[in-house]
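Q: Go ahead and model the full structure; you've got the sequences and the hints to work with.
Here is how the chains run, residue by residue.
Protein chains: 4
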Amino acid sequence: MSREAPEGYLGSEARISSGPAPELVEAGYALELADAPLLHHGLGLADLAHVLALHEAGVLPVEHSAVLVPALLEILDTPADAFPYDPAYGDAYNSRERELERRLGTVAGWLHTGRTRREAGRIAFRLAMRDRLLDLHEALTRFVIALAGQADEHATSVWADTTYLQPAQPSTFGHYLGGFGEEATRHLDRIEQAFRWADRSPAGVGGVGGSRVPLDRDRLSELLGFAGPGAHTRDVMWAVDGLADAVTAAAQAATSVDRLAEDLEIFASPNFGYVTLDASMCRASVLMPQKRNPYALAVIRSGAGTLVGRATGLLVTQRTPSARTDNWLHAYGEVAGSLDLATRLVALGAEVVRTLVVDRDALAAAAGAHFTGAADLAEELVLRTGLDYRSAYRVVGHAVAAAMQDARSSLTAEDLTRAAAELLDRSIEVTPELVDAASDPARIVAGRTALGGSSPDRVREHGQALTRRAERATQWRSERRAHAAETEQNLVATAKTLTADVE
Amino acid sequence: MSREAPEGYLGSEARISSGPAPELVEAGYALELADAPLLHHGLGLADLAHVLALHEAGVLPVEHSAVLVPALLEILDTPADAFPYDPAYGDAYNSRERELERRLGTVAGWLHTGRTRREAGRIAFRLAMRDRLLDLHEALTRFVIALAGQADEHATSVWADTTYLQPAQPSTFGHYLGGFGEEATRHLDRIEQAFRWADRSPAGVGGVGGSRVPLDRDRLSELLGFAGPGAHTRDVMWAVDGLADAVTAAAQAATSVDRLAEDLEIFASPNFGYVTLDASMCRASVLMPQKRNPYALAVIRSGAGTLVGRATGLLVTQRTPSARTDNWLHAYGEVAGSLDLATRLVALGAEVVRTLVVDRDALAAAAGAHFTGAADLAEELVLRTGLDYRSAYRVVGHAVAAAMQDARSSLTAEDLTRAAAELLDRSIEVTPELVDAASDPARIVAGRTALGGSSPDRVREHGQALTRRAERATQWRSERRAHAAETEQNLVATAKTLTADVE
Amino acid sequence: MSREAPEGYLGSEARISSGPAPELVEAGYALELADAPLLHHGLGLADLAHVLALHEAGVLPVEHSAVLVPALLEILDTPADAFPYDPAYGDAYNSRERELERRLGTVAGWLHTGRTRREAGRIAFRLAMRDRLLDLHEALTRFVIALAGQADEHATSVWADTTYLQPAQPSTFGHYLGGFGEEATRHLDRIEQAFRWADRSPAGVGGVGGSRVPLDRDRLSELLGFAGPGAHTRDVMWAVDGLADAVTAAAQAATSVDRLAEDLEIFASPNFGYVTLDASMCRASVLMPQKRNPYALAVIRSGAGTLVGRATGLLVTQRTPSARTDNWLHAYGEVAGSLDLATRLVALGAEVVRTLVVDRDALAAAAGAHFTGAADLAEELVLRTGLDYRSAYRVVGHAVAAAMQDARSSLTAEDLTRAAAELLDRSIEVTPELVDAASDPARIVAGRTALGGSSPDRVREHGQALTRRAERATQWRSERRAHAAETEQNLVATAKTLTADVE
Amino acid sequence: MSREAPEGYLGSEARISSGPAPELVEAGYALELADAPLLHHGLGLADLAHVLALHEAGVLPVEHSAVLVPALLEILDTPADAFPYDPAYGDAYNSRERELERRLGTVAGWLHTGRTRREAGRIAFRLAMRDRLLDLHEALTRFVIALAGQADEHATSVWADTTYLQPAQPSTFGHYLGGFGEEATRHLDRIEQAFRWADRSPAGVGGVGGSRVPLDRDRLSELLGFAGPGAHTRDVMWAVDGLADAVTAAAQAATSVDRLAEDLEIFASPNFGYVTLDASMCRASVLMPQKRNPYALAVIRSGAGTLVGRATGLLVTQRTPSARTDNWLHAYGEVAGSLDLATRLVALGAEVVRTLVVDRDALAAAAGAHFTGAADLAEELVLRTGLDYRSAYRVVGHAVAAAMQDARSSLTAEDLTRAAAELLDRSIEVTPELVDAASDPARIVAGRTALGGSSPDRVREHGQALTRRAERATQWRSERRAHAAETEQNLVATAKTLTADVE
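Residue numbers (numbering that gives the first Met the number 0), protein chains in the order written: chain X, 0 to 502; chain R, 0 to 502; chain Y, 0 to 502; chain B, 0 to 502.
Careful, some of the hints might be misleading.
To spell it out: a stretch of chain Y is covered by chain B in this simulated footprint if at least three of its residues, at any positions, have a beta carbon under 8 Å from a beta carbon of chain B; those stretches are [what the hints assert, rightly or not]:
1) 24 to 32
2) 278 to 287
3) 297 to 305
4) 318 to 329
No lab work stands behind these hints: they were computed from the structure. Predicted model, so just to flag it, every value in this text is computed and none were measured. Note that the Cβ used here is the ideal one computed from N, Cα and C, for glycine as well.
A: If you want it as structure tokens, here you go:
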């Protein structure tokens with residue numbers, strides 16, 4: 000039954016007497032190799048740092064590093080799709096190993112001193128994960144900025160806020176939009192938290208408990224630009240909790256945009272007519288020439304739902320005995336793919352918001368209809384007539400019902416006095432001014448001055464807070480990107496010095 | 000803000016004044032276009048059938064069909080990767096529309112009579128889904144056959160079945176394996192059920208409620224090789240419940256293999272030593288030369304966990320208002336990808352089982368240790384001495400505890416009589432023969448003759464039932480594949496006749 | 000560290016030297032005991048059937064069964080909440096064991112001959128699961144009937160069907176509703192399929208591979224009213240795949256109702272005004288007296304989302320090594336709770352539909368607006384003028400855009416001829432009659448006569464098919480309920496005969 | 000069709016003409032009312048704080064507060080199960096409203112001034128959520144402490160760490176356990192983060208955008224003991240992202256314990272024999288008297304899997320348009336139940352670890368077998384002979400294979416020199432001392448001194464870090480609990496002053 004192993008297939012030199020079955024290549028190696036583009040650059044950095052650490056530990060003779068480093072630098076400069084990756088040999092690491100051996104002969108064998116395939120992969124993955132988290136962070140920042148801008152723009156645009164999609168009370172559309180911004184700032188926090196997890200170095204852990212080869216974990220962390228080495232070698236190698244954090248955060252971020260998209264799809268229907276999506280966010284029908292479909296919103300919602308499944312998958316695969324590999328085999332691709340998907344969705348959401356056209360008149364018309372001032376009226380009755388709220392509520396409710404019976408869409412002072420007399424057998428004084436003060440949407444929202452409320456000033460104030468948060472986010476991200484770039488330059492420069500020393 | 004639309008972009012001629020934003024292309028069209036390889040062939044068949052139906056309805060003039068058909072046949076013969084698909088135009092349908100127009104001019108416009116882009120996509124997808132369901136069905140059949148074979152092979156291999164991974168009672172390893180086969184037969188049922196859903200034709204539904212163009216839905220179904228048209232046009236166009244069925248079935252199938260893999264990973268550890276995986280299922284470590292890792296099992300388990308997330312994602316995206324598209328945008332890729340993944344996992348599982356080496360001696364040693372005959376002993380005391388079971392249980396438990404105290408691994412008749420005397424103050428007659436009859440694993444399992452039980456005969460009988468089910472599965476699958484192939488030949492032949500008529 | 004065990008705690012007589020820790024009672028036994036009300040009746044039946052089987056096998060002496068049976072019948076007649084269940088002893092089975100021993104002494108010990116606690120639990124659970132599946136089946140049947148009724152009622156009520164919530168083409172509201180009915184019939188199929196799984200008997204499997212005690216599995220299955228014994232003893236004892244089927248089916252059923260509810264929540268908004276929910280489905284606000292919230296719809300949607308989580312949980316816990324118990328510990332409660340939840344949601348959905356008030360005028364107004372006849376117009380141009388569809392589409396799209404520019408909401412023959420001239424440089428003949436035939440919603444839908452289409456006749460025909468399916472469902476359910484009731488009577492009667500024989 | 004409403008049913012005085020349908024009570028109100036025990040105390044506090052805020056705003060006349068406050072204090076002292084909650088009236092708030100009106104008459108109506116039912120519920124829920132997060136935090140702290148203790152205890156217990164459950168390299172069992180502790184400290188971080196979300200006050204938001212009633216949100220937050228008011232009123236009322244955080248954190252915490260439990264279930268099998276669970280964590284079989292089932296581990300794993308479903312459910316129900324209620328209807332119960340479940344599981348896990356008996360000899364035996372020193376040997380060859388690692392690896396692998404062929408379980412210096420000669424055609428110098436230094440597990444682990452590595456000193460050092468983290472956690476929790484208790488005392492005291500003022 001022995002299958003021939005391809006030349007250079009590692010197993011064939013270990014205790015494994017045949018090559019992999021085609022079913023194994025297809026289900027296993029091909030799966031892992033699909034991550035090669037994701038890991039390629041990071042594997043290059045990990046290899047360089049490892050060689051430097053071996054060199055600095057006095058383990059790797061300088062004549063060998065002088066051969067290894069140039070070859071590694073050359074591979075670092077090779078794009079992933081120009082490198083001969085091949086699932087017949089296993090994962091990306093295996094293909095690299097074989098190619099290096101092909102180029103350099105046995106000196107390539109030094110690279111594996113004191114390090115597992117897994118360690119190299121984990122380093123590369125964490126670097127890739129950090130990049131993708133920053134991309135999502137950037138899209139979220141744009142989303143916050145777009146919302147802050149539109150919230151400011153519509154700080155005075157009254158509308159009827161709803162529950163159950165039934166008109167509730169007058170509010171401002173800027174307030175409505177600002178709430179999504181507030182939620183989005185928490186997604187920034189989550190992404191920053193997930194970044195911290197990814198930013199611990201798994202380098203220098205040997206088999207898993209450390210190594211007899213004297214590798215300096217602090218130095219390796221510095222060379223690779225991590226914030227520091229993970230505190231426990233087995234944990235930093237195997238723990239997957241940060242993956243679920245990242246993907247859950249991505250799913251939650253997408254879900255926020257989804258929720259807004261779901262609202263907007265309704266608001267964009269002709270029956271509502273509150274908003275119009277920019278043409279660049281729409282799609283035509285091939286059958287129905289009159290259609291203008293808000294396609295971007297469906298794209299967002301579809302992706303968000305799919306991401307919930309991705310997050311679940313991560314949580315599911317976490318649940319396995321320790322050090323079994325299965326929780327990691329799909330993880331690289333799933334995490335990276337999920338972060339990419341979320342980034343695309345959030346970026347699209349930011350563009351939807353930025354280019355959104357809002358029909359203030361349609362909003363205002365709805366705000367003034369459907370008795371949305373009813374609760375304000377009842378409150379005003381409490382404040383002015385000494386009625387308890389429940390009684391005031393009944394009075395207004397009775398008046399509303401009566402007005403609807405007459406097909407009227409607003410109340411008069413008489414409606415209320417009559418209702419009070421009928422229901423409570425009590426006479427209350429209601430002026431037309433009172434009714435107006437509690438019916439005009441603009442006057443109503445002007446009084447919503449509680450912290451974080453819907454009055455124009457509060458909405459603008461909150462929009463500014465969103466903007467400041469976005470500025471801090473931009474600053475934070477820039478620092479991290481700059482640090483990663485500098486680290487990489489330093490690593491390459493240090494490696495070249497090493498070669499130069501020999502020459 | 001207007002973005003330039005690429006030439007031939009549909010929106011630009013409808014009510015949409017600009018091309019799509021890059022964010023929309025990236026998040027939406029690119030996503031949809033990624034399904035082009037999946038849908039390419041089916042779209043070709045759908046186009047042909049639609050042209051035939053228009054022709055047969057007397058709608059499409061024969062001089063136009065004579066131009067359209069050859070072009071469509073040419074595209075049908077073009078591999079997907081040789082066709083100029085481009086996300087700038089939208090999904091696969093849009094690219095095809097534009098290419099056909101480029102080749103034929105306005106005559107290409109006939110193709111869209113009475114049909115939406117969605118209908119063509121749904122037809123192509125259901126055809127692709129059917130194919131993938133058959134592939135998974137085939138892998139499952141191989142899994143059942145492999146299990147039936149090993150069950151038969153190990154119908155007499157005694158082992159200690161466990162609960163909580165603690166030895167419970169003697170059984171046969173063939174019985175253990177046969178149980179997985181039984182479960183797998185239900186997965187065959189599930190796949191067949193999911194196939195039935197996919198096998199209803201969505202062709203000829205017009206916008207969604209039918210069309211003023213007189214298309215014959217029965218004829219279209221026949222031309223495309225479906226079992227029949229869906230009973231309600233809106234339902235057959237939009238309902239996604241069958242997708243969740245398919246992916247849930249795939250996840251459940253993979254989970255069965257996962258469960259076996261989880262067991263085998265433990266049984267393959269040196270501490271158990273029950274089984275050895277074939278070398279073609281194993282992987283070496285680059286650091287530790289002594290290792291021989293049962294890699295295939297981790298691959299299976301990782302994929303199964305991931306599939307649970309996929310199934311969840313499908314269930315999640317189902318939950319949306321009707322006719323909104325978002326539940327379908329990711330669905331083609333997710334369903335096809337999930338079925339492919341499950342097929343790879345099950346095929347790998349079948350190969351793991353087929354090539355599994357079982358150490359009968361190790362199994363037998365464990366079967367004879369750890370007092371696995373204790374319950375049989377207690378039952379034998381009930382059957383022979385008239386003790387109630389609870390008392391017999393206490394007697395045996397007492398004797399076991401005493402033997403363990405003495406570091407003995409088996410019981411004697413005296414142990415039991417002494418325990419009965421001590422615990423129950425009662426004298427019972429226990430012969431060495433009685434102890435032996437209820438301690439020897441082979442004798443114990445020989446008596447497990449209940450229907451579906453672990454005696455060798457019952458195991459073989461059950462294995463034969465599995466084999467018969469696998470044969471029926473093979474037959475069912477062959478018929479469906481043959482029918483699909485014939486249908487396609489007929490469709491192409493009929494289309495050619497049409498052209499010939501003109502010439 | 001030894002904790003005192005409560006008297007009668009099983010462990011204390013086995014190899015376990017202390018009672019359970021409070022943490023174990025709280026997290027484990029209390030969890031299991033929470034299922035006592037669910038299992039109580041079935042455990043009573045399982046005990047009776049087991050005693051009968053032991054008797055018929057000649058294992059249980061008649062003088063003991065004469066003592067056991069009356070005690071078991073008495074417990075069968077005791078409501079669950081009147082029975083002294085106590086988590087200190089373990090699960091429901093353990094409490095029953097102890098109580099029986101308290102009442103009868105050692106004769107109670109016969110009950111455990113050849114049977115595990117697990118087997119009794121599984122039997123009781125499958126019986127409870129069958130009942131709950133029938134309840135959900137009944138609610139679904141009512142849902143189908145309500146939809147069939149309203150579909151018939153609104154077979155002629157024209158409305159504008161939508162995609163992306165944008166008006167698409169005229170259709171009938173009865174067609175829209177009938178689509179949900181069609182989907183619901185597949186849920187009936189799923190529930191019936193899940194029932195078949197639950198309807199296999201796990202009785203008589205001994206430890207798990209059968210028993211040396213000669214129990215007749217066919218006879219046990221008959222006594223308990225199952226369709227037959229499971230084909231493999233280990234499989235029927237441990238396999239959980241049917242649980243996921245049941246809960247996934249429940250989640251899918253609830254999701255269908257959710258989807259309708261989501262539509263209706265939009266249609267019930269004043270901006271749409273298509274439907275009004277019955278007052279008995281609504282809820283008031285304590286703050287806003289004018290509100291009338293369609294609360295039932297939110298309840299449905301909330302439950303459906305929750306059920307997706309339940310289904311996922313079942314799929315997740317399936318993924319575990321074999322015979323480890325963890326996949327079953329929460330399963331009884333989760334499955335029963337999920338089926339109950341789904342039943343409540345579907346029953347509520349049925350009532351929402353049955354009492355729904357539809358505003359035909361509002362529907363008709365929307366059907367006639369927004370150029371919903373545009374595709375029909377284009378098709379009519381194809382049919383009458385020989386234009387290809389794409390050209391006709393462009394002509395109509397151009398005319399629509401021009402009309403909107405002029406703030407007109409309908410097209411004239413001139414609009415089309417002018418558009419054709421401008422766009423195609425071609426003269427086409429368009430009569431007012433042609434425009435009218437393709438613009439009037441009622442005339443449009445009258446022509447949608449494709450199988451399952453939206454013409455009134457087709458809608459009524461489909462509604463009748465739904466009704467017939469509902470009738471078959473009712474018949475199927477009645478037979479199963481009658482069989483269960485008869486079986487139970489027979490079991491009790493047979494048990495009493497046994498006692499009588501002795502007296 | 001009008002159904003009679005129960006007296007005091009709110010709807011009947013609003014625009015809703017009938018009572019709720021039984022289906023609505025069952026699926027909706029009963030669901031909400033099931034949260035009454037959870038919310039009861041917090042609703043009492045919310046009511047008191049609201050009355051105080053109305054009083055301080057000069058809205059509520061002092062003679063009415065003097066009547067309201069004593070009644071509210073009485074209800075606060077009433078246990079939930081002694082309060083007449085009834086689903087016929089709606090949720091807990093509705094029952095309280097009606098009962099207060101029954102007791103006080105119309106003066107009760109003041110309580111609803113400027114506040115929704117929802118606001119009261121949200122306050123009560125966030126208070127309850129905070130409590131439950133602290134309970135889980137406490138259980139996690141105990142889990143960390145137990146692991147730190149056992150890690151210290153087994154800092155020198157060598158064992159064979161594994162991957163794929165195949166022996167990899169010698170390590171220490173304390174190192175293995177410490178890794179779980181490290182992961183658990185991140186769960187503490189997550190719970191603290193979730194607490195911060197719950198700790199923002201939703202009080203004083205009026206309908207949702209603020210109120211014309213001048214309520215002071217800062218003061219309300221202070222009265223209720225929150226860290227501060229939420230920054231945006233609509234967001235703090237409706238956002239659910241913190242719920243998913245909490246439940247995901249709970250699921251992740253449980254999953255960590257699950258992973259350990261999964262390992263321990265294997266390690267506790269007789270085939271491994273590494274650990275023995277305390278009797279108080281085990282369960283007997285009613286059939287098999289020899290069994291001693293590690294029941295606690297199955298309980299943990301079952302709960303963890305179920306929690307993944309709960310977390311998914313939360314993510315799923317998040318995905319809904321804004322302000323629709325459905326995302327909250329199940330949330331109170333699901334979040335509280337999930338946190339309770341996780342607390343029980345983690346507490347059980349802490350107790351499993353604390354009472355775990357580890358067999359050092361069994362661990363050591365395995366550590367010394369299966370050539371676990373192979374990688375160390377290869378590394379030693381690199382360090383001493385100048386071989387590159389790949390060549391050294393091949394040499395050792397060859398020697399291992401040869402030794403296994405001879406059924407030997409250890410290597411000699413000659414094995415290695417011979418392998419080098421055969422494989423590399425090279426002579427290397429290998430001393431017995433070299434072989435011994437790289438074969439003796441204790442010597443190997445002594446050299447694993449990398450940060451966070453498995454050497455005894457490093458393990459103890461890490462254990463101390465865990466202990467310090469646990470101490471900080473305890474401090475943090477105590478402060479929060481003390482703050483909550485003081486706040487409540489102050490609130491009650493302030494309320495009483497108010498009453499006294501009047502008297």
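Q: Confirm or reject each hint.
A: Cross-check of the supplied hints:
1. 24 to 32: holds (count 4)
2. 278 to 287: Holds: 10 residues of the stretch 278 to 287 of chain Y have a Cβ under 8 Å from chain B.
3. 297 to 305: Per the Cβ count (8), the hint holds.
4. 318 to 329: Coverage by chain B holds for the stretch 318 to 329 of chain Y (9 residues, Cβ < 8 Å).
When the structure is compared with the earlier hints, no violation turns up for any of them.
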